[in-house]
Amino acid sequence: MHTSRALAHSALLTLLATGALSACSTADNAKPSEEAGAKTAFVAGEYRATGQYPTPGGLQGIGVTLTLDEKGIITKLEVDPKAETGNSVQFQGKFASGIRAEVVGKPITELDVDKVSGSSLTSKGFNQAVAKIIEKAQA
Amino acid sequence: MTTRWQFDAIGTQWVIESAESISKETKLAVWQRIEEFDKTWSRFRADSAVSQLRSEGSADLGADAAELLGIYDELYGATVGAVSPLVGGSMEQLGYDAELSFESKGDAVAAPNWTDCALEGSILHSPAPAVLDVGAVGKGFLAGKVADLIDVPCVVDAGGDIVNRSGGLLKIAMEDPRDANSAIGVVEIPSGWAMAGSAVNRRTWGAGLHHIVDARTGAPATSVVASWAAAPDAGMADGLATAAFFVDVETLGRFEGWTLALDQKFWADAYNFPGELFS
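Those protein sequence lines, which keep their order, are chains A and B. Plus 3 on top of the position in the first sequence (first one is 1) and you've got this note's numbering. Plus 190 on top of the position in the second sequence (first one is 1) and you've got this note's numbering.
Looking at chain B on its own, in the form it has when it is part of the complex (with noise of 0.2 Å):
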């Protein structure tokens, strides 16, 4: 990989490696992708079609809604309602709010009912005022997306959500939560394949308040600290990676590709890992 893209967007910074240099027009076109992905998505902007949602009870939630909450459909079921779309009133109640204020307004609110919601077309019905926050699978499936616009072999990496379409296998190392200067493992992830990273270390903002929380509960998750995926779809590699926060990685290993959840005392659990770690 030769040449190197950088910028910032959806909040992360992204790194597209490739080849050959990317296009203008498909630079353009990265561009426009990522701004209306936001801007339908988006629980921090005010013009978003998430935001209708908190007022109206339904929205059009554009051409990505059927692919993207399809991916939620999957992970709610196998993780029996834990990570769900809906989380976005959870979050806020603790304090990850549009203001990013990080005032906890009071007690755990669990989510609303993900099962109660119906999904017309590219339209979202909800049974009530909802937020949504798509932050388990968007930075990833957005990742995807983009590595499907550039026309030559590159590697996208948005913030550590990593897609590989270099032709080859990637060595990527596993950032230790405790140091990030040294890595708990490394593995390969072949081309076509993408990988996704997950820690609370890094998103605290006050004695066991993070952003990885359970729709259930509308509580942080607390066993696990970090956790890695990897899938052929970027999206799902995302999402398995918030979902090893709430159930064994074996009862992710339905599946494809492989997940590792690292618990507070460091021990990792990992199913169908293809990788080396160092212990």
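So here's chain A without its partners, still in its complex pose (with noise of 0.2 Å):
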């Protein structure tokens, strides 16, 4: 457990370090932690961790939840950027800044939203012009 932990703070600096952080990395784009993935075992799991860093406001926290298969890949990550003081959301927002994520479709209707931002409400004349175009070459 505590190597494992040791390797969590280690895979975390590496991610970072390489701005490849991911909030949602899935088996397939998560790469087991070279070295250590060499020589040692692991225990699957979630681990927990939380790491300090100074900030112009002052000494400030970054909690990081990972979960680790037995080859040592890190198969879900999630940072938590919430700040506990002072101005330091726009600098954990820094640390959080890099996703790569394959992303899904979720129904809007099973969203609780407020507006939709997208090109469906595409120019109409752009529309019709197209819808023109396409009358005259199946004619």
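Since the hints were made in silico from the structure, they are not lab data. Hints may be right or wrong, so weigh each one.
Claimed, not checked - So the derived list for chain A, only partly shown, Cβ under 8 Å to chain B, looks like this:
| hint | residue |
| --- | --- |
| 1 | 101 |
| 2 | 107 |
| 3 | 117 |
| 4 | 120 |
All residues carry an ideal CB built from backbone N, CA and C; glycine is no exception.
Taking the hints as your guide, dock the two standalone chains into a single complex.
And the structure:
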């Protein structure tokens, strides 16, 4: 457990350093920690760690939860960028800045949202013009 | 938001929701603001200032010129010339012309160098006749200006360019480009901010032909299919969404706000994104 925790830290640091930190990594895109992965057996499970770092607003905390499989592959990683004090939201935002994830659609009717941003309301003139061209092409 | 004012202008649908009804005077001011903007910047109108640039080397682009073109200057720098207001000629070559012919006129044509132009007061000087297209920034910019005119808490939505002046957080779903009934994520936009989205699938008129064009080559962008961005400035939010088609979202991290780009395989790349993605 202790070893795994240490790995969790080093894996996180590696991810932070490369800017590949992902809020929702999957087994497909997560890479095993190369050095440690070769030598050590891992206890699969969920690990939590809290790190601290200095900011102009004082020492700040950042929470990390990650799930490892037995090969040491991170199958899930969550960063809690919640600020505890001062202006840290912005600084932690930078830590959680790079997200890369494969996305899937969720029905909008299942979401509680005020607005939808997309391109479905494209210019009417454009749509009419394209419709005319398609008609012409089919004639 | 209890009242809803809906109308069509500059080729898109506007929905303005507000807590209280908007006065007749304000509505008239909004209409005039939009008409004035369109008359200056539309490349689809023969009487516009932009159309004057086609034949003459200079045109008076009015009171918005410095601010609007200033946003372009920043994005031109950040995208190393991919986002340029001189991209109009490239678009027309691809068929997105004033007649809406959607017939390609031949090989892609790069836009003239934006840095060769000079803005003197509100007058733009170009070394050669040029076709200005402010589509990357203009709609968001105008949505922001319209929101400025409305003196009650409101949300202005100009065909997906959303300006939040509600006084509270606005929760916005990002439409799945594959399916308008689905969303790929949600995000909250604070009051005073704006969010913009851009996708190539809805404005396609032929294989690989769409409205987001790289000014350096004159060819449509290829790797990104949709993007979203938010920023305090509505014109910048709109521009960042276009810029995300050409440069890494991290490169755009120099601007206040966030950017998200979705590629053809539906991998999302986001920078400073404060919302949730569905994966």
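Do the hints match the structure? See the list:
Interface restraint check for residue 101 of chain A: the shortest CB-CB distance to chain B comes to about 6 Å, inside 8 Å, so the restraint holds. Taking 8 Å as the C-beta cut-off, the interface hint given for residue 107 of chain A holds, the closest approach to chain B being about 5 Å. With a least beta-carbon distance of about 5 Å to chain B, the hint placing residue 117 of chain A at the interface is held under the 8 Å criterion. Because the closest C-beta pair between residue 120 of chain A and chain B is about 4 Å apart, less than 8 Å, the hint holds.
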